[in-house]
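**Student:** First to last, the sequence lines map onto chains A and B.
Just so you know, we're using the working numbering here: the first sequence kicks off at 1 and counts up by one.
Just so you know, we're using the working numbering here: the second sequence kicks off at 1 and counts up by one.
Take these hints with a grain of salt, some might be off.
As the list claims (entries may be wrong) - Computed list of lysine-lysine pairs in BS3-like fashion (alpha-carbon distance at most 30 Å, straight line):
(1) B:431 - B:191
(2) B:40 - A:53
(3) A:53 - B:431
(4) B:431 - B:355
It is worth saying that the hints were derived from the structure and are not from the lab.
On a predicted model such as this, the values are computed, not experimentally measured, just so you know.
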Amino acid sequence: MLRADGLGALDIERFWWILFGISAAVFAIVLGLMMVALARRHRPVPADEAAGKHPEDEPAWGGSFILFSGVVVPAIILAGTFGLTLHEMNVLSSPGHHAAMTITVTGHDWWWEARYPGGAITANEIHIPTGEVVRVRLLTADVIHSFWVPQLQTKTDMIPGRTNETWLETGQPGRYRGQCAQFCGLQHAHMIFYVVADPPDTFATWLAGQAQPAPPPTGALATAGEQIFTTQTCAGCHAIRGTSAAARIGPDLTHIASRQTIGAGVLDNTAGNLAAWITDPQHAKPGADMPPTDLTPDQVQALVAYLQTLN
Amino acid sequence: MATVHDATSSSSPSLEEMWGEPQGLGSWLSTVDHKRIGMKYLVTAMVFLVAGGVESLIMRAQLAQPNLHLISPEVYNQLFTMHGVTMMFLFATPVLSGFGNYLVPLMIGARDMAFPRLNAFGYWVFLASGIFLYSAFLTGHVPDAGWFNYVPLSGPRFAPGINIDFYALGLIFVAISTTAGAINFIVTILKMRAPGMSINRIPIFVWGELAMSFSIVFALPTLTVACVLLELERKFGFHFFDAGHGGDPLLWQHLFWIFGHPEVYIIILPALGMVSALIPTFTGRRMVGYIWIVIAEMATALIGFGVWTHHMFTTGLPQVAISFVALSSFFIAIPSGVQIFAWIATLIAGRPRLKTPMLFVLGFLLVFVIGGLSGVMFAAVPFDQQVHDSYFVIAHFHYVMVGGLLFPLFGALYYWLPKMTGRMMGEGLGKWSFWTMFAGFNVCFFPMHVMGILGQPRRTYTYQAGLGWTGPNLISTIGAFLLGLGIALTFWNWVWSRWHGAPAGNDPWGGDTLEWATTSPPPEYNFETIPTVASLEPTWDQPNLRDGAQPPEAGGRPLLGGHLTLSTSLLDGTPRAVVFMPHATLAPVIASLGLLVGFWGVVFGAWLLAGVGATVFAGGMIDWFWPRHQTQET
Ligand code: HEM
Ligand SMILES: [Cu+2]
């Protein structure tokens, strides 16, 4: 949230500094009063108290002190903060109403799927244009997850049977890290994604490219890779648009080579990591819903070569 | 009134003969003495504190650096779940029942709790449910969906093992104990106070136990209902929480937090009561604003039932609904503010003596204020939506729970243990323990605010490097071990004092409430004569109260006619009846054992075993309620 770049997060960062200021002041006052009490403990003891008597009366200022500092002042501060809160709630909810585009994000154990208008489907990487409000519809395929990109926006839960909404907006091109915030089981810690903000024209090009089906592979190795992909277990869970692989259990891999990470942020998208992941996903991400494969190293090599053509 | 007089004047066996319990190891099974039961609660709860603490240290070790593999993700998830469950249900609530059990009858001048056997039963069920929950470790199926156990993650589809059954049944089990204890406190506090202890002379700690008990009675049933629904769904295929079949996962969240938020106050209110008990003693000054504090405690308990939805600000509930909850969440801060400034007023009016218990109180004040302030921030909805379920939350509630509970509790330990054992704890070691705990606590939990604001979600078994999280995590881990060391120092002090502590005498601190008017440790019957109270600070104002034997001329009632104590009226504490108290019995421990076996039967689906358990339980109950004439035998 600190290092905020999105409209929503920036707003909250300002709000946080106000809250922090008030809190620091209150804490300083309490600490100061405690110091006063400690300093005053050395004052002389009246004779009757020295003899073990305990003063009978309440100090005259006691009641009004409690009323003033325990009720009146806090009530004023709290009422003010409540007013600010309502204001902020209003600010944060309004941009969502005039969004230029809607992206549907679905949480899965333990990865993210994003669907765009025009048919593009990506996993664990969500692209948005800068300078525009993007509405995000939030669904879940299994348990409760929570969509959180701290530098851009507050979090919103994805709950079975419900459709929640949030929005993203940033003027800064960049790559923003997001992570599931609601405990969702074994690999909750590795349910990571990135939001990539690009200038509108770059974004438009990207989106058009992602909507395309995968081109047929060229070269013997990659062609063999496609063959392995569609005939082995891979196609039981994954889809590559333009091939016969059309399952929707795991992430859509049509343009996997254009992504920067695999395994929902766990590994960088390199040939070596791809090979390691395909051979045994359980090593990098124990419990992930992808089984290890018993492919030969040659087959893995062909697969990787194929996947790397999928730009 | 006539009956009271008759009973007190008949000459009969001595109090020792009437109240003396069998001694020896076995007698700890059958005792119904509130002091021994209180001690058992205290020690058992501390054992669970150690268990929960070890779990948290393993977690912190795993998080000391990014991408460590000390433990597997499964184990990590089990550890934070068991840590939360242990700390909330097996440590915090019972430890306060323990102190309350020991102290409430003494503070109100009674000879025991209203229902001594129910009291014993409460303890045994607590122990049994703790054993039940921890037996999950032996089976390898440890609850792993967090202490609030959200569905559908904890439902039959995503948690097919018996892990979650241990959780749901365990909480139903421990609720039996907590509820029994709460009812006992309510009746004891309302009906068993010494003559003259009108409602405006009830010590604030006792008020805290009363507020806690009422909250328990109203809040706990929703948790039990939620757990029963969950078990129906898990074991019998119902669909309360299953969105695919017309259920709603948010129902669980509502039910859980309708209980869960008051639970926070269930823990905090008696702890704040401890603070209010210590401050007059260590300032030599009557509490400024007694009425304010009492009203504030009650108001907190009440408003605490109207803020549960602030745990659900990110679930997409309607804005209007949310803003009402935000309002009540802001205003629940006011009663806490009232108490804080009443304490400060007393500190300023009096002369703080910096003994170990007082250090814990002052440390508590600073830490609790920070926890309260970050709590208020959560009422600011958009901020909550940003840091919810991040480490900022972990920081916040540990400032409230460790600051608000553990510090007062350790202060209370140094303060009251001499009353319980007759020996002082070491002052020097106490101060070392305090400063280590205070430093360790802040080093451990303050950086978590930063981690949360930097975006680290809670309940993650590891994290990536290069995010700015590594430094704060390492610092936090170091602090956790320091905190653990500080806690260990006090435990060592406790053990040491058992043999080497200086004799405490009746009133080592110059306390103001009735427990200081009897010997340390107090005799089975607490007071030789049940005192007549004429002040909120009786031990300060009534010199005739010394040695637990207020002379009859001053109003002390020996009540020699049997195993007797006095029942008085609710508002002004006038004597109403003499109550016969039951003797030691094995029925509660047998009944609890039956329950334990029964719950094991249910969790494993071994219905025969469950039947055996139910039979043993019934046997215990029949023995318990079998009509006997012992109450009239005097
Ligand atoms: C003894 C010192 C303590 C340490 C070092 C400690 C540490 C921790 C840590 C590191 C977590 C977060 C785990 C995660 O999110 O992955 C945690 C969670 C928690 N702690 Fe503590 N804690 C301590 C004492 C307490 C006490 C005294 C209480 C309550 C009375 C408490 C109640 C909780 C609860 C309810 C959770 C949440 C569990 C969950 O997420 O389900 N802790 N603690
Ligand atoms: Cu998730």
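**Student:** Against this structure, judge whether each hint is valid.
**Tutor:** A quick look at each hint next to the structure:
no.	hint	in the structure
1	B:431 - B:191	violated, 39 Å
2	B:40 - A:53	violated, 37 Å
3	A:53 - B:431	holds, 28 Å
4	B:431 - B:355	holds, 8 Å
In summary, the structure is inconsistent with hints 1 and 2 from the numbered list given earlier, while agreeing with the others.
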